[in-house]
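Enquirer: Residues in the first sequence are numbered from 551 upward in steps of one, following our numbering.
There may be inaccurate statements among the hints.
[To be verified] Between beta-carbon pairs, the in silico distance windows are:
id, residue 1, residue 2, range
1, S837, S899, 55 to 65 angstroms
2, L926, E888, 19 to 29 angstroms
3, L580, R722, 25 to 35 angstroms
4, E871, W694, 22 to 32 angstroms
5, S798, V964, 38 to 48 angstroms
6, I731, G704, 14 to 24 angstroms
7, I951, R574, 48 to 58 angstroms
8, S891, S599, 31 to 41 angstroms
9, K844, K697, 52 to 62 angstroms
[As the list claims (entries may be wrong)] Here are the simulated DSS-like cross-link-like pairs (lysine-lysine), alpha carbons at most 25 angstroms apart as the crow flies:
id, residue 1, residue 2
10, K844, K887
11, K815, K844
12, K922, K937
13, K601, K575
14, K937, K900
15, K965, K900
16, K922, K958
17, K750, K684
18, K723, K794
19, K937, K887
20, K601, K685
21, K844, K865
Keep in mind that the hints were calculated from the coordinates and are not lab data.
C-beta atoms are modelled at their ideal positions from N, C-alpha and C, and glycine is treated no differently.
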Amino acid sequence: MFFTVALGSVFGYYGKMPINTGARKIEELLSRGVEEVIDRGHLEAALRSGKKLRIKLGIDPTSPNIHIGRSIPLFKLRDFQELGHQIVLIIGDFTGIIGDTSDKESERPMLTEETVKNNLKNYIKQAEKVVDIKKCEVCYNSKWLGKLDYHEIGRQANIFSLNEFISRENIRKRLDEGKRISLREVLYPLMQGYDSVAVKADVEVGGTDQRFNLLAGREMQRHYGQEPQDIMTNPLIEGLDGRKMSSSWGNTINLFDEPDDMFGKVMSLKDELIIRYFILTTRISQSEIEEYKKALESGDNPRDVKMNLAFEIVKQYHGKEAAARAKEEFKNVFQKKELPSDIPGWQASKGEYNILDLLFESGLTPSKAEAKRMVLGSAVEINGHTKADWQETIKIEDNMIIQVGKRKFIKILVKNHSQ
RNA sequence: GGGUAGGUGCCGGAGUGGUCAAUCGGACAAGACUGUAAAUCUUGCGCCUUCGGGCUACGGGGGUUCGAAUCCCUCCCUACCCA
Numbered sequence: 551m552f553f554t555v556a557l558g559s560v561f562g563y564y565g566k567m568p569i570n571t572g573a574r575k576i577e578e579l580l581s582r583g584v585e586e587v588i589d590r591g592h593l594e595a596a597l598r599s600g601k602k603l604r605i606k607l608g609i610d611p612t613s614p615n616i617h618i619g620r621s622i623p624l625f626k627l628r629d630f631q632e633l634g635h636q637i638v639l640i641i642g643d644f645t646g647i648i649g650d651t652s653d654k655e656s657e658r659p660m661l662t663e664e665t666v667k668n669n670l671k672n673y674i675k676q677a678e679k680v681v682d683i684k685k686c687e688v689c690y691n692s693k694w695l696g697k698l699d700y701h702e703i704g705r706q707a708n709i710f711s712l713n714e715f716i717s718r719e720n721i722r723k724r725l726d727e728g729k730r731i732s733l734r735e736v737l738y739p740l741m742q743g744y745d746s747v748a749v750k751a752d753v754e755v756g757g758t759d760q761r762f763n764l765l766a767g768r769e770m771q772r773h774y775g776q777e778p779q780d781i782m783t784n785p786l787i788e789g790l791d792g793r794k795m796s797s798s799w800g801n802t803i804n805l806f807d808e809p810d811d812m813f814g815k816v817m818s819l820k821d822e823l824i825i826r827y828f829i830l831t832t833r834i835s836q837s838e839i840e841e842y843k844k845a846l847e848s849g850d851n852p853r854d855v856k857m858n859l860a861f862e863i864v865k866q867y868h869g870k871e872a873a874a875r876a877k878e879e880f881k882n883v884f885q886k887k888e889l890p891s892d893i894p895g896w897q898a899s900k901g902e903y904n905i906l907d908l909l910f911e912s913g914l915t916p917s918k919a920e921a922k923r924m925v926l927g928s929a930v931e932i933n934g935h936t937k938a939d940w941q942e943t944i945k946i947e948d949n950m951i952i953q954v955g956k957r958k959f960i961k962i963l964v965k966n967h968s969q
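Could you build all of it, start to finish, from the sequences and the hints given here?
Expert: Set out below in structure tokens:
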């Protein structure tokens, strides 16, 4: 087996690591979860040449969490990495402050250095869930962007025209709607483009919303006498509510979500997204995905296929055991309506509570007003009995189970007063 | 620099002296139905409350008034037109 693969590939040598130039691998790299490649012919030739390419991806730390939508280009990086190419991960500590508006319908607020620094903390840890970070070059773009002076920026700004910028769809739209567009937003593509120059990228990957910025990288490189990078765009994925996944919508599945939570989030996705998620956010084989597709078409319950998807995704970030546990837990709690196996305890300090105080103080609801709404909406159960009277006084018992809605549980612990 | 129109809740967007915690839509939450899917229906969606109410809120500050999101002054911000 190994040999057929090896023989089917021509190994080029460039540096120490062999570069896999197998036609099938390259084909998959260029097609799976790929929206567009520019210049495809050029990139294909480069991949076949056996030369070790430098593949760039920039991530701006605009939120403390990387969501699964961002994993799509990360997976693409991994594909490149598996062929032996050099990944250059750029952490946009500089661009993060300025803020890219590519995926925005409105102006993105500038972040403070502190916010960015904070968000940055766990970025690498998150990224390494998908790519082999030890083999990556990781850089921070403040290193070079912070050094540019007005003179240089002026030259760069002269490469592009405002006309190009405002003909972008989202910018056009904002313009038509009479919304504000700041000059700094115009500068963003320059910065991202210059990143490509700084790291001498051969290829840059990014979401379709990045198309303009990626192309800017090509122009910028030409300006600095480099060969323009090829660019590869990935589709943007829909989030929990069916809209585009975005931190500001709050509809994300985050790489660091707890296994049970992550599993649940995947299960709440719309059925139509199942196959798309398989392709974009996992690396199970194309043939397996094909089978799932057939299963769905032949009328299998989408829920079961989705359960496999959830398993795959949780496995990617938390390992196989955690994924299996999350799956069991899901079945128990949501299908069999059993209690979760791990209910957080809460130390009661009084013997009796008004039910609203109890819900609020234990953290089950964010306010008493909300607690009242939950009770009136018959969303509160204590030891399996629905409570409807918000004035009720609850006598505290050890191990009492309180449930609010479908997923919030708490177990009462009584302080042991015996001495 | 001049002019015009604006700034309302998570978002969009009504309201233009009392009946406004603020119509409506989206998002969100809960309930019913279910597969934590979709569709549909119902309810809720500032905080506190001794359930009578109270408090905070309509860009910021000040004022008029018994009473202001609504009127006046001032400051800040945005878009558009002119220069």
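Enquirer: With reference to the structure, classify each hint as holding or not holding.
Expert: Going down the list of hints, with the structure as the test:
1. Taking 55 to 65 angstroms as the suggested C-beta distance range, the pair S837 and S899 conforms, at roughly 58 angstroms.
2. Checked against the hint of 19 to 29 angstroms, the pair L926 and E888 passes, with Cβ atoms roughly 26 angstroms apart.
3. For the pair L580 and R722, the beta carbons lie near 30 angstroms from each other, so the given range of 25 to 35 angstroms is met.
4. Range check, E871 to W694: about 43 angstroms between beta-carbon atoms, so the 22 to 32 angstroms window is missed.
5. Judged by the Cβ atoms, the range 38 to 48 angstroms given for S798 and V964 holds: they are separated by roughly 43 angstroms.
6. Distance hint check for I731 and G704: the Cβ-Cβ separation is about 20 angstroms, which falls inside the suggested range of 14 to 24 angstroms.
7. Checked against the hint of 48 to 58 angstroms, the C-beta distance between I951 and R574 comes to roughly 54 angstroms, which is consistent with it.
8. Between S891 and S599 the beta carbons are some 54 angstroms apart, a value that contradicts the proposed interval 31 to 41 angstroms.
9. The supplied range of 52 to 62 angstroms is met by K844 and K697, whose beta-carbon atoms lie about 55 angstroms from each other.
10. With a C-alpha separation of about 30 angstroms, the suggested pair K844 and K887 falls outside the 25 angstroms cut-off, and the hint is violated.
11. Taking the CA atoms of K815 and K844, the gap is about 24 angstroms. The hint holds against a cut of 25 angstroms.
12. Distance hint between K922 and K937 is fulfilled; the C-alpha atoms sit about 11 angstroms from each other, no more than 25 angstroms.
13. Between K601 and K575 the CA atoms are separated by roughly 15 angstroms; this keeps the pair inside 25 angstroms, and the hint holds.
14. A threshold of 25 angstroms between alpha carbons decides the hint, and for K937 with K900 the separation of about 20 angstroms falls inside it, so the pair holds.
15. Our distance criterion of 25 angstroms between C-alpha atoms is met by K965 and K900, whose separation comes to about 9 angstroms.
16. A C-alpha spacing of about 16 angstroms is found between K922 and K958, which places the hinted pair at or below 25 angstroms, so the restraint holds.
17. Distance restraint check for K750 and K684: the Cα-Cα separation of roughly 20 angstroms lies within the 25 angstroms cut-off, and the hinted pair is therefore satisfied.
18. Distance hint between K723 and K794 is fulfilled; the C-alpha atoms sit about 17 angstroms from each other, no more than 25 angstroms.
19. With a C-alpha separation of about 18 angstroms, the suggested pairing of K937 with K887 holds against the 25 angstroms cut-off.
20. Annotation: proposed proximity of K601 to K685 holds, straight-line Cα distance about 17 angstroms (limit 25 angstroms).
21. For the proposed pair K844 and K865, the alpha carbon gap of about 23 angstroms is at most 25 angstroms, so the pair holds.
Checked against the numbered hints above, the structure breaks hints 4, 8, 10 and satisfies the rest.
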